[in-house]
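Once you've looked at the hints, dock chain G against the given chain B.
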Amino acid sequence: MAQDSRRDAEFTAFVDAATQSLGRTAWLLTGDRDLAAELVQATLVKTYVAWARVRPDGALAYARRILVNLDVDTRRARHGTVAMAEPPDRPVEPGDGRVDERERLGRLLAQLPARQRRVVVLRYLHDLSEQEVAAELGLPLGTVKSSSARGLAALRSALGQEEGSRR
Amino acid sequence: MSAFEDQVRSLMQADRVEVPVDLEFVLDSGREAVRGRRLGWTLAGITVLGLVVSVVTPILIAGMVPAVPAPATSPVPTVAASPASAPDPDGITWRLVRWTGGTGNPNPGGTLLVRGTEASGTTACGTFTAELARAPGSWRMSAFQLRTHSCPLQADRASSRYLEALGAVTAATVGAGELRLHSAGGDLVFARQ
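Which chain is which? The protein sequence lines are B and G, in order.
Be aware that the first sequence starts at 0, since it is given in numbering that gives the first Met the number 0, and climbs by one per residue.
Be aware that the second sequence starts at 0, since it is given in numbering that gives the first Met the number 0, and climbs by one per residue.
The following block holds chain B by itself, in its conformation from the complex (with noise of 0.2 Å):
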């Protein structure tokens, strides 16, 4: 009992801590706030469940290998159905330009192929090296490589192509 309450103070801890990282990760792979929440609570569950083999230091790099298999496991289910970007729950402030370029990153993120897009946010979002993204990700090197490349140069286009129309 002692054991379960020490296991709940420390996961709620680290709840607290790693939310809004798995929130923003979950958000920018699904495009939906939504489906964001739903991964992100199935996520810490699985978390829950696997705590007492979790390293703190390292719990929340696990919990983000979690959410990302739990997404690809979850699109497979969903036969390939995309999600359109939404933008998530937050004060919005009128003429706030960054949040207007942010919900247009989030549904050009929508668009990219699943593979794709995980490498990007890992890369960019949590700041990893491809070795990082290819370990975390279980895939080769020379795949992340071109993944990112192909991810970013689609996401460039496809702003270009936006900021065009609006001129």
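Hints were generated in silico from the structure; no laboratory data involved.
Glycine is no exception: its CB is placed at the ideal position from the N, C-alpha and C atoms.
Among the clues, some could well be false.
Quick list of the computed label-pair ranges, beta carbon to beta carbon [stated by the list, open to error]:
hint	chain 1	residue 1	chain 2	residue 2	range
1	G	P19	B	N68	17 to 27 Å
2	G	T46	B	Q110	45 to 55 Å
3	B	R149	G	A43	37 to 47 Å
A few chain G residues facing chain B, derived, Cβ under 7 Å [as the list claims (entries may be wrong)]:
hint	residue
4	V7
5	R8
6	L10
7	M11
8	V16
9	V18
10	P19
11	L22
12	G29
13	A32
14	W40
15	I60
16	H148
Anything over 12 Å on all C-beta distances counts as not near chain G; from chain B, calculated [what the hints assert, rightly or not]:
hint	residue
17	A17
18	R23
19	Q40
20	A49
21	R122
22	P139
23	G141
24	S145
What follows is chain G alone, placed relative to chain B:
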């Protein structure tokens, strides 16, 4: 690092993203999953333990029980002629088929029937009765009484040799379908008639 990469990184990392998490739901679901996993491990442990016990116990028992003596290497599986341990030869008419101590069958057609302490049978020239004394490892017939009829000389001699051989018997073994009477002069081998 290109400016575009910096732009992507900056956009991704900027601002807070509020994804609601129900901590109570997470903890409840997690506890339930942990309980289920513990139960699963317990059941798996019990199953493995049961399998181990079912495999190991017979091996241990086999190791503790003394080995059964190997069967005798005699060409005819026999049991000492003890009334307590041997197959019961009583009530069976045994027909003489071989005499290892003599030249050929001493009495073709000779038979033997034992019932308790009495022995009886036929020879080529009549019938006989005798008293039978049996003990573990011992088989002796005595007090022969004959009822004969006239018969050829050769058959009469064979009949006498048969009765003499029976009188010299000191032990017997009973096997599957075979009665073997032992004497210093050789064995009288009978088969079930």
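Quick rundown of the hints versus the structure:
For the hinted restraint 17 to 27 Å between P19 (chain G) and N68 (chain B), the CB-CB distance of approximately 22 Å keeps it satisfied. In this structure, T46 (chain G) and Q110 (chain B) meet the distance hint of 45 to 55 Å, their C-beta atoms being roughly 50 Å apart. Between R149 (chain B) and A43 (chain G) the beta carbons are some 45 Å apart, a value that agrees with the proposed interval 37 to 47 Å. Because the beta carbon of V7 (chain G) sits about 5 Å from the nearest beta carbon in chain B, less than 7 Å, this interface hint is met.
For R8 (chain G), the shortest C-beta to C-beta distance to chain B is roughly 4 Å, which falls under 7 Å, so the interface hint holds. The beta carbon of L10 (chain G) is positioned within 7 Å of a beta carbon in chain B (closest approach about 5 Å), and the interface hint is therefore held. With 7 Å as the threshold, the beta carbon of M11 (chain G) comes within range of chain B, its nearest partner Cβ sitting at about 4 Å, so the hint holds. Checking V16 (chain G) against chain B: minimum C-beta separation of about 4 Å stays under 7 Å; hint holds.
The interface hint given for V18 (chain G) holds, since its Cβ lies 3 Å from the closest Cβ of chain B, which is under the 7 Å cut-off. Residue-level restraint check for P19 (chain G) holds (minimum Cβ-Cβ distance to chain B is 5 Å; threshold 7 Å). Taking 7 Å as the C-beta cut-off, the interface hint given for L22 (chain G) holds, the closest approach to chain B being about 6 Å. For G29 (chain G), the interface hint holds, the least distance from its beta-carbon to any beta-carbon of chain B being 3 Å, beneath 7 Å.
With 7 Å as the threshold, the beta carbon of A32 (chain G) comes within range of chain B, its nearest partner Cβ sitting at about 5 Å, so the hint holds. With a least beta-carbon distance of about 12 Å to chain B, the hint placing W40 (chain G) at the interface is violated under the 7 Å criterion. A hinted interface residue such as I60 (chain G) counts as satisfied when its beta carbon comes closer than 7 Å to some beta carbon of chain B; here the least separation is about 40 Å, so the hint is violated. The interface hint given for H148 (chain G) is broken, as the beta carbon of that residue sits about 102 Å from the closest beta carbon of chain B, more than 7 Å.
For A17 (chain B), the condition that its CB be more than 12 Å from all CB atoms of chain G is violated, with the nearest at approximately 10 Å. For R23 (chain B), the requirement that its beta carbon stay farther than 12 Å from each beta carbon of chain G is not met, with the minimum near 4 Å. Residue-level check failed: Q40 (chain B) sits 6 Å from the nearest beta carbon of chain G, not beyond 12 Å. Not every CB of chain G is more than 12 Å from the CB of A49 (chain B) (nearest about 10 Å), against its label as outside the interface.
In this structure R122 (chain B) is not separated from chain G by more than 12 Å, as the shortest Cβ-Cβ distance comes to only about 9 Å. No Cβ of chain G comes within 12 Å of the Cβ of P139 (chain B); the nearest lies about 22 Å off, and the non-interface call holds. Under the 12 Å C-beta cut-off, the non-interface status given to G141 (chain B) relative to chain G holds; the minimum distance is some 19 Å. Under the 12 Å C-beta cut-off, the non-interface status given to S145 (chain B) relative to chain G holds; the minimum distance is some 16 Å.
Hints 14, 15, 16, 17, 18, 19, 20 and 21 from the list above are not met by this structure, while the remaining hints are.
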